[in-house]
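Next come the chains, spelled out residue by residue.
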Amino acid sequence: GENVEQHPSTLSVQEGDSAVIKCTYSDSASNYFPWYKQELGKGPQLIIDIRSNVGEKKDQRIAVTLNKTAKHFSLHITETQPEDSAVYFCAASIGNNRLAFGKGNQVVVIP
Amino acid sequence: GAVVSQHPSWVICKSGTSVKIECRSLDFQATTMFWYRQFPKQSLMLMATSNEGSKATYEQGVEKDKFLINHASLTLSTLTVTSAHPEDSSFYICSAKLGQAPQPQHFGDGTRLSIL
Numbered sequence: 001g002e003n004v005e006q007h008p009s010t011l012s013v014q015e016g017d018s019a020v021i022k023c024t025y026s027d028s029a030s031n032y033f034p035w036y037k038q039e040l041g042k043g044p045q046l047i048i049d050i051r052s053n054v055g056e057k058k059d060q061r062i063a064v065t066l067n068k069t070a071k072h073f074s075l076h077i078t079e080t081q082p083e084d085s086a087v088y089f090c091a092a093s094i095g096n097n098r099l100a101f102g103k104g105n106q107v108v109v110i111p
Numbered sequence: 001g002a003v004v005s006q007h008p009s010w011v012i013c014k015s016g017t018s019v020k021i022e023c024r025s026l027d028f029q030a031t032t033m034f035w036y037r038q039f040p041k042q043s044l045m046l047m048a049t050s051n052e053g054s055k056a057t058y059e060q061g062v063e064k065d066k067f068l069i070n071h072a073s074l075t076l077s078t079l080t081v082t083s084a085h086p087e088d089s090s091f092y093i094c095s096a097k098l099g100q101a102p103q104p105q106h107f108g109d110g111t112r113l114s115i116l
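In order, the protein sequences belong to chains A and B. Numbers 1 to 111, taken from this note's numbering, label the letters of the first sequence in order. Numbers 1 to 116, taken from this note's numbering, label the letters of the second sequence in order.
To be clear, the hints were calculated from the coordinates, so they are not data collected in a lab. All residues carry an ideal CB built from backbone N, CA and C; glycine is no exception. Mixed in with the good hints, there may be bad ones.
[What the hints assert, rightly or not] With a straight-line cut-off of 20 Å between C-alpha atoms, the simulated EDC-like cross-links for lysine to aspartate or glutamate are:
id, chain 1, residue 1, chain 2, residue 2
1, A, Lys42, B, Asp109
2, A, Lys37, B, Asp109
3, A, Lys42, B, Asp88
4, A, Lys103, B, Asp109
5, B, Lys41, A, Glu39
6, A, Lys103, B, Glu59
7, B, Lys41, A, Glu5
[Claimed, not checked] Covered stretches of chain A (chain B as the covering partner; in silico rule of three or more C-beta atoms under 8 Å from a C-beta of chain B):
id, region
8, 21-35
9, 40-53
10, 98-104
Based on the provided sequences and hints, a complete structural model is requested.
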């Protein structure tokens, strides 16, 4: 089955700097890759996603890149702000319905 | 758009009680709904997948008689934890998805279940 690995597990950045989280996946059939942000005590919130026919997607300060050959995708957050502090989960599609999630990455933005 | 409401957000009850959690898609019709369980500082663990009008598909190791799932309409799914015990205490989160192709899952805000 699909195996999604996410690293680093914890990332601390100075406010204003960029943060990058990387994920790798094992199943070459996966074709949809969302990223979720989870704040304490809340459910995950979709922040950006990318499909396998696209190499990069950007939405304001957030971007995602996908390398299908290497089977990895990354989340880039620029000009980080304290409200970006949260746990971020990557995921890869399994068939048409399910998602395989990474273990999560705690991002801490230091003011 | 794509709002999923989960209720209640927090439940504390005695051991042996059955607890029902509701998950509603407020502004779209969810073809499929999912129930997850999350332990502190861990990832999401899929418990079951449900489609409207059909029986839920449970993941290996999840007791279907313990965690009853009903998906009566395209906007409502319920999870009932029957005869709950302290080991069932956890954060339960639902998500909803539109359509058959790979699409975003939209999550509710979770239910914190504490069994005394």
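Now for the hints, and whether the structure bears them out:
no.	hint	in the structure
1	A:Lys42 - B:Asp109	holds, 5 Å
2	A:Lys37 - B:Asp109	holds, 12 Å
3	A:Lys42 - B:Asp88	holds, 19 Å
4	A:Lys103 - B:Asp109	holds, 19 Å
5	B:Lys41 - A:Glu39	holds, 12 Å
6	A:Lys103 - B:Glu59	holds, 18 Å
7	B:Lys41 - A:Glu5	holds, 16 Å
8	21-35	holds (count 3)
9	40-53	holds (count 8)
10	98-104	holds (count 6)
Checked against the numbered hints above, the structure violates none of them.
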